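With the hints as extra help, turn the sequences into a complete structure.
Read top to bottom, the protein sequences are chains A and B. Here the first sequence stands for residues 4 to 331, where the numbers follow my numbering. Here the second sequence stands for residues 33 to 201, where the numbers follow my numbering.
If you're looking for bench data, these hints aren't it; they were derived computationally from the structure. One thing to keep in mind: the hints can contain errors.
As the list claims (entries may be wrong) - Distance condition first, Cα-Cα at most 27 Å in a straight line; then the derived BS3-like pairs of lysine-lysine:
(1) B/K78 x B/K37
(2) B/K78 x A/K145
(3) A/K59 x B/K177
(4) A/K145 x A/K158
(5) B/K37 x A/K59
These numbers come from a predicted model, not from an experiment.
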Amino acid sequence: MLRLPPYRYHRPTRVEDAISLMGEHAGDAMYIAGGTDLVPNMKHRLFEPGHLVALKGIGELKGIREQDGVLRVGAAETLASVALDAAVRERFPALAEAAAHVAGPQLRNAGTIGGNVCLDTRCTYYNQTAFWRQALGYCLKKDGDVCHVTKVGRKCVAAHSADTPPVLMTLDATAVLVGPDGTREVPVRDFFVADGIANTRRDPGEILTELLIPLESASRRQAYAKLRHRRSIDFPLLTVAVAADCEPDGTVRSIEGVVTSLGSRPRLLTGWDDAAVGRILDDELIEELAARAHRQCHPLENIIVDPEWRRAMVPVYVRRALEGVRAA
Amino acid sequence: MTAPKEIVRLDVNGDAQEVGAPGHFTLLETLRYVLGLTGTKQGCDKGDCGACTVIVDGVPTLSCITPVQEAVGCRVVTVEGLATALGPHPLQDEFDLNGAAQCGFCTPGILCSAVALLERNPAPSRESIREALAGNLCRCTGYSKIYDAVEAAAARLNGASAGGQGDQP
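Set out below in structure tokens:
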């Protein structure tokens, strides 16, 4: 049995009320949307806020609609509703696919796309009960000063394990953050930092309210590929998103690949345009791009899965994603 | 620190009631330890296994990671609420007839996921059934008999009204 620590539950109906509640209890409150990650983490005593500010009752955070050349996706939309939304499926099939493959059905019914973007990093030595962690002297990310993955490192290497951010990056999506000091927009590709302890640019008082996806990104050929143990429920061991702008004859104008679930933030693969622009995406080019990806990815044992195997899977899944782009 | 009890208004199996539960209880803890509805099982208790699945406003929901306050204002149906005065739900009957339950621990959660599926999609394909039950772990049956039971229940529920209803995702 895993008990939650005591907390007070607040259910505001407006974003501004949620932000002021957060301010009132600064340092001792957290937002909760779907709760699918936060609640288990609280049960593991990774977070023990005295107050939970629920986002579920806030209408402004809901809805998926087109406006001024942008698809606006409310951050509190569940992953299940994003996966089934007609506009998302038609224009951004890779995003629908990624949302449809997060965890299992019940978790997608509760978990939100905003929560997926803000997901805490994961590590074998972190996502454990307090008892388990205590037995090992805790770790860098929580309550301790040693990293059990790198042994010597002073930097937390917990893995970014969310499925939708790599796709959102290749679609040039922007995150809208609202906080006590107003509203700001951060491109999803700049949203993450390489720090396993806190890997996003969101301040704890800020709410991710919307994701804005330019409709022009819908012309890109998109694909998404994911490696995990059980296809039904597990977190990813590796996630690949690819999007390409192509001429009608299939010549690549630009191409981008993002890999995640390895390090603390999604990795934009480099050198792809140099290799691909002006060429047809044939088997030879796919192999070349997959080899580039392999050279750039060096997973650590932040998940107890042989890191060499996970690395060897990088070109395999990059190849599958590129074949998906070719077929799109 | 002892958590004070709070009064929460819940609608469980059609019974609207005020329940006194510690404010940090999950929906699962409230069902099992306050209301005595122990049909809903406590498995992993962290959202992995699906044993605690109940139906909240028609949606299969993991009660072990749902703070009880999140269920206020919603209609909650547990395995105890599936049968009627006339007898077990057709799906429960088909679980029996098909041998779809072995140790039985996953069964209440699977029944809830499958009943919610049949409500939104009266004629699901085998693939839709597999997808709908992907978040419910069963370590005994190998799932085949469970899928058979869901198909049989769908056929029985459609009964007279059957006639070319296509699969809806």
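How the hints compare with the structure:
Of the pairs offered as hints, the one joining B/K78 and B/K37 holds, with about 23 Å between alpha carbons and a cut-off of 27 Å not exceeded. Note on B/K78 and A/K145: the hinted pairing holds, with a Cα-Cα distance of about 19 Å set against a maximum of 27 Å. This hinted pair does not check out: A/K59 and B/K177 have alpha carbons roughly 37 Å apart, beyond 27 Å. Between the alpha carbons of A/K145 and A/K158 the distance comes to roughly 12 Å, so the proposed pair stays at or under 27 Å and holds.
At most 27 Å may separate the alpha-carbon atoms for a hinted pair to count; B/K37 and A/K59 meet this at roughly 23 Å.
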